[in-house]
Amino acid sequence: MVALTPISRTEPTFYVPVVAAFGAFFGVFIGTGQGNLIAGVLGGAILMGALAFILTKLIKNEKAARWGLTLLIALGGFALAGIPGLLIGIFFGWFFGFLTFWLYEGRYRAKIPPYLTPGQVLWHFTFRVICGAIFVFLITPILVVMPLSFNAENFFTFTPEMLRFDPAGYSLKHYRDFFTNADWQNAMWNSLKIAPVATLLSVSFGTLAAIGLSQPHVPFRRAIMAILISPMIVPLIISAAGMYFFYSRIGLQGTYVGVVLAHAALGIPFVIITVTATLVGFDRSLTRAAANMGANPVTTFFRVQMPLILPGVISGGLFAFITSFDEVVVVLFVGSSGQKTLPWQMFIGLREQISPTILAVATILVGISICLLTVVELLRRRSERLRGMSPS
Amino acid sequence: MNLTKTLMTSTALTVAASMSFAESHMANEMTIVSWGGAYSNSQQKAYHDPYMEKTGVKIINDESSNEAVAKLRAMNEAGNVTWDVVDVVAADALRLCDEGLAMEIDPDEMLADGDDGSKASDDFGDLLVGDCFIPQIVYSTTVGYRTDLVGDKAPTDICALFDLEAYPGKRSLEKRPINNMEWALLCDGVAKDEVYDVLETAEGQQQALDKLATIKDNVVWWSAGADTPQLLADGEVIMGSTYNGRLFSLIEEQNQPVAMLWDAQVFDLDGWIIPTGLTDERKARALDYIMFATDTKRLADQAKYIAYGPARKSSAPLVDKHAELGIDMAPHMPTDPENAKNTFLYNYEFWADYRDDIDAKFQAWLVQ
Numbered sequence: 001m002v003a004l005t006p007i008s009r010t011e012p013t014f015y016v017p018v019v020a021a022f023g024a025f026f027g028v029f030i031g032t033g034q035g036n037l038i039a040g041v042l043g044g045a046i047l048m049g050a051l052a053f054i055l056t057k058l059i060k061n062e063k064a065a066r067w068g069l070t071l072l073i074a075l076g077g078f079a080l081a082g083i084p085g086l087l088i089g090i091f092f093g094w095f096f097g098f099l100t101f102w103l104y105e106g107r108y109r110a111k112i113p114p115y116l117t118p119g120q121v122l123w124h125f126t127f128r129v130i131c132g133a134i135f136v137f138l139i140t141p142i143l144v145v146m147p148l149s150f151n152a153e154n155f156f157t158f159t160p161e162m163l164r165f166d167p168a169g170y171s172l173k174h175y176r177d178f179f180t181n182a183d184w185q186n187a188m189w190n191s192l193k194i195a196p197v198a199t200l201l202s203v204s205f206g207t208l209a210a211i212g213l214s215q216p217h218v219p220f221r222r223a224i225m226a227i228l229i230s231p232m233i234v235p236l237i238i239s240a241a242g243m244y245f246f247y248s249r250i251g252l253q254g255t256y257v258g259v260v261l262a263h264a265a266l267g268i269p270f271v272i273i274t275v276t277a278t279l280v281g282f283d284r285s286l287t288r289a290a291a292n293m294g295a296n297p298v299t300t301f302f303r304v305q306m307p308l309i310l311p312g313v314i315s316g317g318l319f320a321f322i323t324s325f326d327e328v329v330v331v332l333f334v335g336s337s338g339q340k341t342l343p344w345q346m347f348i349g350l351r352e353q354i355s356p357t358i359l360a361v362a363t364i365l366v367g368i369s370i371c372l373l374t375v376v377e378l379l380r381r382r383s384e385r386l387r388g389m390s391p392s
Numbered sequence: 393m394n395l396t397k398t399l400m401t402s403t404a405l406t407v408a409a410s411m412s413f414a415e416s417h418m419a420n421e422m423t424i425v426s427w428g429g430a431y432s433n434s435q436q437k438a439y440h441d442p443y444m445e446k447t448g449v450k451i452i453n454d455e456s457s458n459e460a461v462a463k464l465r466a467m468n469e470a471g472n473v474t475w476d477v478v479d480v481v482a483a484d485a486l487r488l489c490d491e492g493l494a495m496e497i498d499p500d501e502m503l504a505d506g507d508d509g510s511k512a513s514d515d516f517g518d519l520l521v522g523d524c525f526i527p528q529i530v531y532s533t534t535v536g537y538r539t540d541l542v543g544d545k546a547p548t549d550i551c552a553l554f555d556l557e558a559y560p561g562k563r564s565l566e567k568r569p570i571n572n573m574e575w576a577l578l579c580d581g582v583a584k585d586e587v588y589d590v591l592e593t594a595e596g597q598q599q600a601l602d603k604l605a606t607i608k609d610n611v612v613w614w615s616a617g618a619d620t621p622q623l624l625a626d627g628e629v630i631m632g633s634t635y636n637g638r639l640f641s642l643i644e645e646q647n648q649p650v651a652m653l654w655d656a657q658v659f660d661l662d663g664w665i666i667p668t669g670l671t672d673e674r675k676a677r678a679l680d681y682i683m684f685a686t687d688t689k690r691l692a693d694q695a696k697y698i699a700y701g702p703a704r705k706s707s708a709p710l711v712d713k714h715a716e717l718g719i720d721m722a723p724h725m726p727t728d729p730e731n732a733k734n735t736f737l738y739n740y741e742f743w744a745d746y747r748d749d750i751d752a753k754f755q756a757w758l759v760q
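Going down the list, the sequences are from chains R and A. Okay, so the first sequence: first residue is 1 according to our numbering, each after it adds one. Okay, so the second sequence: first residue is 393 according to our numbering, each after it adds one.
Everything labelled a hint here was simulated from the structure, so no lab data went into it. Be a bit skeptical, because a hint or two may be false.
Said to hold, decoys possible - Not the full set, but computed from the structure, chain R residues with beta-carbon under 10 Å of chain A:
1. 107
2. 155
3. 157
4. 244
5. 251
6. 296
7. 345
8. 352
9. 367
10. 369
11. 370
What the hints assert, rightly or not - A few chain A positions that, by computed beta-carbon distances, are all more than 12 Å from chain R:
12. 454
13. 689
14. 715
15. 734
By construction, the Cβ of each residue, glycine as well, lies at the ideal position given by its N, Cα and C atoms.
Could you build all of it, start to finish, from the sequences and the hints given here?
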């Protein structure tokens, strides 16, 4: 992005208090860590404010000033808390160096339109900070799990060795446990047997339903659509209890087929929604053209329609797969211990034995989910490209 | 077009594969329900593995003992009992028996005689509570503490839980009245044999809650057996109640700086029930398993893997060393005379009668 507004250096009365405010904020953490909140806040504010003034007024060279600050705070962190303190210190130093000169040189103003009032400028950045905070709030619980899964202890605890970055505090033993323990392996195979078949059923039925429901002449389209999508809206525990009693009566409870069918029912709404969305951009004159050239409906479907809506089908299928792979409530009701899936095993593991193997599995599952979602995103882009080329 | 073909082929393959998976081998297998974790592990090694080897029956583990009562009710209602043998605590066995969800047992008929020739009913003795319960182990709920966080004077009796002056810090207690109410009264000056008499009265219940209220702000309430060990390992609490087997594993197997009290620990029983509503074939299999798994030798074997005492008198002399650590298990058993000097006997009848009432009061008190 190019600069929109000419910038000029700002007054110390502006940037010193702002930097001091950030210093006070970080001082909260260090203060509570050392057992004295007020001293942390005041100390952080005064220290960072003073440093900002010294850096900008006495050391004129920005590069030297920022490196110096980073080094100084890193050493301070090292003195307080060893190697972890050093790493945090480097980050703090880098951040405050950046912040000080960003404000001092007026760079913060460069990329936003010149007509904004100071209040609007403030809101512009506050908004970004809020978004960042929400992001941190969403992602931290997932990230915290990952280092813990390399714990050498059998508890969910950051041991002193781990915090010192001592290699002895880390181990792969929980991953080894996952890959060698018969219970976990069994659960993984069950998940791998159930999810693909459930996905396949969801995709076949969901796609057919979506195509059917997108025909304008089908009666009660909205009502049928609402019923098919209901598994997504009805609380899972209600579907699960209902399925339990129904499947028990017809002899499907506790069987592999029962779990597959239950998961397929949960996956169908995802497929219907994604495929319906793709069909919105599908040009119906293509099917008429194919029919005109003598292709029967089945050929038309596989040769014309399917390739064009394939991205929607596949992303729906991936959602259905993840639903089945992550699902615990329905399988607890509909399955029996012979169909124990990974989430089920994690659930009982958490309740009975708090073992970091669960964290290792969680880390692996997060990895799988990220891969699958990346695939969905790539497909979405491909579909957008294709749609751009299609005659509509 | 290639894409479509690939898709079709993979579809066909998946369907074919699923068909072969779907073929179930219901014929010769049984589902045994237990608590999971180290406890299930000890049963796997002491009972399931030798039994599978001996008979060729495939045993499937289900870790649902926690909600066994609710699930058995639902299964009964749905007319589809999928469990063959269920491990429950004695109190749950009594409830299931009363509701007709567990089969009645004739000990001398259905259980093996002891190695010393005694009849099963004598060998298990008082532990055969109710008509459906087949005792397996004796465990106790007791208190563990962090040796490095309780100061110079290590706690020696249960009232350390209520002594905030000598032992400031958080403690963890189970989120239910059982055990907590008894301990509160004991530490409020009530004599051991009068605890349940006092607890029968509304004033007595209030007295127990008032005593608990003195530490309420410092209590972390737990509901899963794994919670207190985790909290102790984290140093989040300085002491907490849990099962003695969990503390044994925390101290001896995980080498955490934790020690345990053997004072006013609450004795309880855990064992098997066979659900009603099984077909004759499955019932015969379940009884055969029970006969095997509760004989003198198997019960003693289980103690090699976990610190719970065998329920048969004839098993006690056979208790051996820990299978991996090689330490003598007898001194870690709740049944060891040294540990059982000041035990507290859990009163089943009292709790069967008063549980709902006191539960409601306790939960209301919790949210105050």
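Now the hints, each set against the structure:
1. The beta carbon of residue 107/R comes no nearer than 45 Å to any beta carbon in chain A, farther than 10 Å, and the hint placing it at the interface is violated.
2. Taking 10 Å as the C-beta cut-off, the interface hint given for residue 155/R holds, the closest approach to chain A being about 4 Å.
3. Among the interface hints, the one on residue 157/R holds; its C-beta lies about 5 Å from the nearest C-beta in chain A, closer than the 10 Å criterion.
4. Given hint, residue 244/R at the interface with chain A, holds; its Cβ is 7 Å from that chain's nearest Cβ, closer than 10 Å.
5. Interface restraint check for residue 251/R: the shortest CB-CB distance to chain A comes to about 8 Å, inside 10 Å, so the restraint holds.
6. Interface hint status for residue 296/R: violated, as the beta-carbon distance to the closest one in chain A is roughly 16 Å, over 10 Å.
7. Against a cut-off of 10 Å between C-beta atoms, the interface hint on residue 345/R holds, since the closest Cβ of chain A lies about 9 Å away.
8. For residue 352/R, the interface hint holds, since its Cβ comes within 10 Å of a Cβ in chain A; the closest pair sits about 4 Å apart.
9. Of the supplied interface hints, the one on residue 367/R is violated, with its beta-carbon coming no nearer than about 23 Å to a beta-carbon of chain A, more than 10 Å.
10. Hint on residue 369/R is violated. Least Cβ distance to chain A is approximately 21 Å, over the 10 Å limit.
11. Interface restraint check: residue 370/R against chain A, minimum CB-CB distance 23 Å, threshold 10 Å, status violated.
12. Distance to chain R contradicts residue 454/A as a non-interface residue, since its nearest Cβ pair spans about 3 Å, not more than 12 Å.
13. Every Cβ of chain R is farther than 12 Å from the Cβ of residue 689/A; the closest lies at roughly 25 Å, confirming the non-interface assignment.
14. No beta-carbon of chain R is positioned within 12 Å of the beta-carbon of residue 715/A; the least distance is around 17 Å.
15. The beta carbon of residue 734/A sits about 29 Å from the closest Cβ of chain R, which is more than 12 Å, so the claim that it is off the interface holds.
When the structure is compared with the earlier hints, violations turn up for hints 1, 6, 9, 10, 11, 12 and for no others.
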